[in-house]
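Read top to bottom, the protein sequences are chains A and B. Each step along the first sequence adds one to the number in this note's numbering, with nothing skipped, and position 66 is 66. Each step along the second sequence adds one to the number in this note's numbering, with nothing skipped, and position 14 is 14.
Hints are computed from structural coordinates only; laboratory data are not their basis. Built from N, CA and C at the ideal position, the CB exists for glycine as well. Be aware that one or more of the hints could be misleading.
Computed spacing ranges between beta-carbons, pair by pair [as the list claims (entries may be wrong)]:
| # | chain 1 | residue 1 | chain 2 | residue 2 | range |
| --- | --- | --- | --- | --- | --- |
| 1 | B | GLU57 | A | PRO2 | 21 to 29 angstroms |
| 2 | A | GLU68 | B | ILE18 | 29 to 37 angstroms |
| 3 | A | GLY98 | B | ASP66 | 24 to 32 angstroms |
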Amino acid sequence: EPEVTQTPSHQVTQMGQEVILRCVPISNHLYFYWYRQILGQKVEFLVSFYNNEISEKSEIFDDQFSVERPDGSNFTLKIRSTKLEDSAMYFCASRPEGQFNYGYTFGSGTRLTVV
Amino acid sequence: QKEVEQDPGPLSVPEGAIVSLNCTYSNSAFQYFMWYRQYSRKGPELLMYTYSSGNKEDGRFTAQVDKSSKYISLFIRDSQPSDSATYLCARGIQGAQKLVFGQGTRLTINP
Chain A
1 EPEVTQTPSH
11 QVTQMGQEVI
21 LRCVPISNHL
31 YFYWYRQILG
41 QKVEFLVSFY
51 NNEISEKSEI
61 FDDQFSVERP
71 DGSNFTLKIR
81 STKLEDSAMY
91 FCASRPEGQF
101 NYGYTFGSGT
111 RLTVV
Chain B
1 QKEVEQDPGP
11 LSVPEGAIVS
21 LNCTYSNSAF
31 QYFMWYRQYS
41 RKGPELLMYT
51 YSSGNKEDGR
61 FTAQVDKSSK
71 YISLFIRDSQ
81 PSDSATYLCA
91 RGIQGAQKLV
101 FGQGTRLTIN
111 P
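Just chain A, with the same shape it has in the complex (with noise of 0.2 angstroms):
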């Protein structure tokens, strides 16, 4: 079965570094996305992505906040400057084209701890 895949597993870095996560998505679909959570609280949408640009985003998503698809397959989402706040799971999802979100596939996550 097709999967979404994140690297790395778990990041640790000092406070004020920047960090790139990485997600490779199921190859047919459309649409990306980035969600996080907090230990202990709920799930978090930050951006959505659909034709090479960002089609929705948060209020957490800020400046210090970017993604990109820099090649077919890949997704990013870079973290500039990070803060203690920044540490959680972040989850990469993808879907194929239609009407409804009914169809993400979510990766495994990324563990970003902020140090």
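Chain B: place on chain A using the hints.
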């Protein structure tokens, strides 16, 4: 008013029991609902989706939406230890990309 609310549990039941998981939501037009299962150290996995009132069944799982009371439920029949996971309800709105998740209910099925 919070968009989707879910009792975090934990909920522990014996194997074979019927499990009922619930969420409440605030009203919005053109919305649809999903149930996800999340095992430890994994991403959410879609179980079921529905966009209308009433019941939708898939094997041992039944999703129910009661729009009059703004309640969504997931029932698991003949529960198995492998059903032990966190169950997340989520709401989407037609035309919008984001999903709004509930807190998640941690469920343990005891053999």
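Contradicted hints - numbers only: Number 2 only.
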